[in-house]
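Participant: Go ahead and model the full structure; you've got the sequences and the hints to work with.
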Amino acid sequence: DAGVIQSPRHEVTEMGQEVTLRCKPISGHDYLFWYRQTMMRGLELLIYFNNNVPIDDSGMPEDRFSAKMPNASFSTLKIQPSEPRDSAVYFCASSSQPAYGYTFGSGTRLTVV
Amino acid sequence: AQSVTQLGSHVSVSEGALVLLRCNYSSSVPPYLFWYVQYPNQGLQLLLKYTSAATLVKGINGFEAEFKKSETSFHLTKPSAHMSDAAEYFCAVSEPGGGADGLTFGKGTHLIIQP
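Those protein sequence lines, which keep their order, are chains V and C.
What the first sequence shows, in this note's numbering, is residues 1 to 113, in sequence order.
What the second sequence shows, in this note's numbering, is residues 1 to 115, in sequence order.
Don't read these hints as lab results, they were simulated from the structure.
By construction, the Cβ of each residue, glycine as well, lies at the ideal position given by its N, Cα and C atoms.
Treat the hints with caution; some may be incorrect.
Unchecked claim - Facing chain V, a subset of chain C residues (Cβ under 10 Å, in silico):
hint: 1; residue: 42
hint: 2; residue: 44
hint: 3; residue: 49
hint: 4; residue: 92
hint: 5; residue: 103
hint: 6; residue: 104
hint: 7; residue: 105
Facilitator: What follows is the structure, encoded as structure tokens:
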């Protein structure tokens with residue numbers, strides 16, 4: 001089992017550019033979560049999916065953020081246009097039964113300059 | 001609704017000393033409880049979890065935690081700290097059957113080990 005795979009590990013982009021973060025969940029996990037981690041705000045849940053359907057996107061900061069899950073093995077988090085305040089580490093996590101815990105990916109460190 | 005409070009955003013202990021990281025929760029149903037550890041530049045790893053079996057739970061790297069319903073606590077301990085324990089620790093709670101999907105995380109405690 002390769003675990004939750006995120007790409008890229010690091011991303012540096014200029015303000016105004018589009019950024020796409022990718023996640024491959026563990027096979028068989030029906031739930032997928034996107035989190036953002038910053039020093040100031042800690043770990044924030046952005047959105048989660050169940051069976052590829054977005055269930056709760058109340059944590060998405062604004063319309064510049066969008067997330068999709070076209071199939072059970074792939075999800076994207078897109079920021080367009082990006083801003084310096086979007087700089088953070090973005091984590092993807094998956095689970096078959098969320099009440100029993102999640103498996104996290106290694107994260108994508110995004111820097112917007 | 002569920003919530004988690006971690007007392008102390010930073011905890012500093014000497015190498016070889018007892019580690020105690022505090023976590024209190026609130027939950028409308030009997031909860032499941034978790035401790036995750038995050039080493040620098042890495043994702044969160046599950047350290048241990050309580051899912052209504054034994055109240056004293058043993059995890060990886062010599063850590064353990066005890067579920068105390070009367071105190072609504074799930075404190076994390078390790079008898080003797082090692083330099084490699086320096087990391088961020090997150091407590092989390094879930095409500096199986098409570099209608100809420102997933103975990104609620106605390107704000108984290110940064111553990112510093114003094115040589």
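Participant: Against each hint, give a clear statement of whether it holds in the structure.
Facilitator: Tested hints:
1. For residue 42 of chain C, the interface hint holds, the least distance from its beta-carbon to any beta-carbon of chain V being 6 Å, beneath 10 Å.
2. Nearest Cβ of chain V to the Cβ of residue 44 of chain C: about 4 Å, under the 10 Å cut. The hint holds.
3. Interface restraint check: residue 49 of chain C against chain V, minimum CB-CB distance 6 Å, threshold 10 Å, status holds.
4. Proximity of residue 92 of chain C to chain V holds as hinted, the smallest CB-CB distance being about 8 Å (cut-off 10 Å).
5. Taking 10 Å as the C-beta cut-off, the interface hint given for residue 103 of chain C holds, the closest approach to chain V being about 6 Å.
6. Hint status for residue 104 of chain C: holds, given a least beta-carbon distance of 9 Å to chain V, under 10 Å.
7. Interface hint status for residue 105 of chain C: upheld, as the beta-carbon distance to the closest one in chain V is roughly 5 Å, under 10 Å.
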